[in-house]
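Enquirer: One letter stands for each residue in the lines below.
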Amino acid sequence: MSNGSNETGQVLGAATTTLAGAAGVAVLPNTAGSTLLQFMSIAAIILGSALLITAVVRKYAKHVN
Amino acid sequence: MPILGMALVAAGILGLFLHIQKTTPIVFDYVNDTPVNAAQTSSEEIEYVSGKPVNISIPSIGMNLEVKPGYYNAASQSWTLSETAAHYATITKPANNKEGNTFIYGHNLPKVFEPLSNLKAGDIAYIGTDNGKTFKYRLNRVTVASPSDTAVLRYSGSPVLTIQTCSGAWYEKRSLFWFEYVEVT
Chain A
579 MSNGSNETGQ
589 VLGAATTTLA
599 GAAGVAVLPN
609 TAGSTLLQFM
619 SIAAIILGSA
629 LLITAVVRKY
639 AKHVN
Chain B
646 MPILGMALVA
656 AGILGLFLHI
666 QKTTPIVFDY
676 VNDTPVNAAQ
686 TSSEEIEYVS
696 GKPVNISIPS
706 IGMNLEVKPG
716 YYNAASQSWT
726 LSETAAHYAT
736 ITKPANNKEG
746 NTFIYGHNLP
756 KVFEPLSNLK
766 AGDIAYIGTD
776 NGKTFKYRLN
786 RVTVASPSDT
796 AVLRYSGSPV
806 LTIQTCSGAW
816 YEKRSLFWFE
826 YVEVT
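Order-wise, the sequence lines are chains A and B.
Per the working numbering, the first sequence runs over residues 579 to 643.
Per the working numbering, the second sequence runs over residues 646 to 830.
Some hints could be false.
[Claimed, not checked] Short, incomplete list of chain B residues facing chain A, as computed with Cβ under 8 Å:
hint: 1; residue: A719
hint: 2; residue: P739
hint: 3; residue: P760
hint: 4; residue: V789
hint: 5; residue: S793
hint: 6; residue: T795
hint: 7; residue: L798
hint: 8; residue: W823
hint: 9; residue: V827
hint: 10; residue: V829
[As the list claims (entries may be wrong)] Taking CB as the label site, the calculated pair distances span:
hint: 11; chain 1: B; residue 1: W815; chain 2: A; residue 2: K637; range: 54 to 62 Å
hint: 12; chain 1: B; residue 1: T729; chain 2: A; residue 2: T613; range: 48 to 56 Å
hint: 13; chain 1: B; residue 1: V789; chain 2: A; residue 2: L614; range: 49 to 57 Å
[As the list claims (entries may be wrong)] Short derived list, chain B residues pointing at chain A, Cβ under 10 Å:
hint: 14; residue: P670
hint: 15; residue: P755
hint: 16; residue: N763
In case anyone wonders, no lab produced these hints; they're calculated from the structure.
Owing to the predicted nature of the structure, the values given are computational and were not obtained by experimental measurement.
Just so you know, even glycine gets a beta-carbon here, dropped at the ideal spot from N, CA and C.
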């Protein structure tokens, strides 16, 4: 994620943009938001799956013994 | 332990679902019957009015944001971005009453453009410019593009305002909110 307060980057950006123009732009801005909720959700799914698998394995182990 | 595991899996799936729902706007193409004061009235000679955007306001979603100049760096293929303001792509047209696209972009964050997913057809946006003008626009289209689809930046035609933010489960898409020009005061 770029930082807008970087004035050197802005000046360099202005110069390159002038040269390239709209036709030379390869990508649209990467305006991503926070990924906290995704990572927490995936962590919960992984942890929950691990607990479920552990429970099943334990139950099976008891059954075998 | 199995109950806790099932609860965690369910919570995770629900979290992902809510996230995708929150970051995915409803795509539509709305045809407005009311004619606008734009370049369609080409038979009349309209005085050209323009200005660089410094503020964006969308009352229907309580948005009022500062707009800073945004530059594209071809070497790194990146754009000027901040986490508290929107940016006006300086390679596109300034807000004006004649033609072309005024492109404004910002992060999909609560303080920036996350509320855009609540927009509805016909919602009004106001762009304040550096010379004290206020341009009024009306939302009539929402589209989703891939990051490499830069056609929006080369738009030509009647004056429009396009607002871009990222969308999708991993912000892999670019949502484009197209507003038609209404008037300038």
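Enquirer: Indicate, hint by hint, whether the structure satisfies it.
Expert: Going through the hints against the structure:
{"no.": "1", "hint": "A719", "verdict": "holds, 4 Å"}
{"no.": "2", "hint": "P739", "verdict": "violated, 14 Å"}
{"no.": "3", "hint": "P760", "verdict": "violated, 11 Å"}
{"no.": "4", "hint": "V789", "verdict": "violated, 11 Å"}
{"no.": "5", "hint": "S793", "verdict": "holds, 6 Å"}
{"no.": "6", "hint": "T795", "verdict": "holds, 5 Å"}
{"no.": "7", "hint": "L798", "verdict": "holds, 4 Å"}
{"no.": "8", "hint": "W823", "verdict": "violated, 14 Å"}
{"no.": "9", "hint": "V827", "verdict": "violated, 25 Å"}
{"no.": "10", "hint": "V829", "verdict": "violated, 23 Å"}
{"no.": "11", "hint": "B:W815 / A:K637: 54 to 62 Å", "verdict": "violated, 36 Å"}
{"no.": "12", "hint": "B:T729 / A:T613: 48 to 56 Å", "verdict": "violated, 18 Å"}
{"no.": "13", "hint": "B:V789 / A:L614: 49 to 57 Å", "verdict": "violated, 23 Å"}
{"no.": "14", "hint": "P670", "verdict": "violated, 13 Å"}
{"no.": "15", "hint": "P755", "verdict": "holds, 8 Å"}
{"no.": "16", "hint": "N763", "verdict": "violated, 14 Å"}
Violated hints, listed in ascending order, are 2, 3, 4, 8, 9, 10, 11, 12, 13, 14 and 16; each of the other numbered hints is respected by the structure.
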